[in-house]
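Engineer: Can you make the complete structure from the sequences, with help from the hints?
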Amino acid sequence: LYLTISQPNICYVVHKMSQFVSNPRSYHMNAVNVLLKYLKNTTGQGILFKANSDTRLHAYVDVDWGSCIDSRRSTTCFYIFLGNSLVSWKTKR
3 LYLTISQPNI CYVVHKMSQF VSNPRSYHMN AVNVLLKYLK NTTGQGILFK
53 ANSDTRLHAY VDVDWGSCID SRRSTTCFYI FLGNSLVSWK TKR
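Residue numbers for the sequence shown follow our numbering, so the first one is 3 and each next one is one higher.
Calculated directly from the structure, the hints in this document are not laboratory data. There could be a bad hint or two in this list.
To be verified - Simulated pairs of lysine-lysine, DSSO-like, Cα-Cα distance not exceeding 30 Å:
no., residue 1, residue 2
1, K92, K42
2, K18, K52
3, K92, K39
4, K92, K52
5, K39, K94
6, K52, K39
This structure is a prediction, so every number in the text was calculated from the model and none was measured.
Structural biologist: Dropping the structure here:
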């Protein structure tokens, strides 16, 4: 879960895999291995701020009301951009 702080693009996969920590199957472990290979190949990526870039703050929020079929719980997420760079985000069910 710590890695999702610096790489929001893996949040969904990490969230799904964390649901099977207590009883993982071989296909869960295969998905984790694919994720680890992806992380190994993207170590040079990070948040980039250019000297003359836009510094306006943009925030986006999305809510889906009770869409989980099993629990009827909602999912809420927000994203905050400084210019074109994602600087904060959170998703919660």
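Engineer: For each hint, tell me whether it holds in the structure or not.
Structural biologist: Tested hints:
no.	hint	result
1	K92 x K42	23 Å, holds
2	K18 x K52	34 Å, violated
3	K92 x K39	24 Å, holds
4	K92 x K52	25 Å, holds
5	K39 x K94	26 Å, holds
6	K52 x K39	29 Å, holds
When the structure is compared with the earlier hints, a violation turns up for hint 2 alone.
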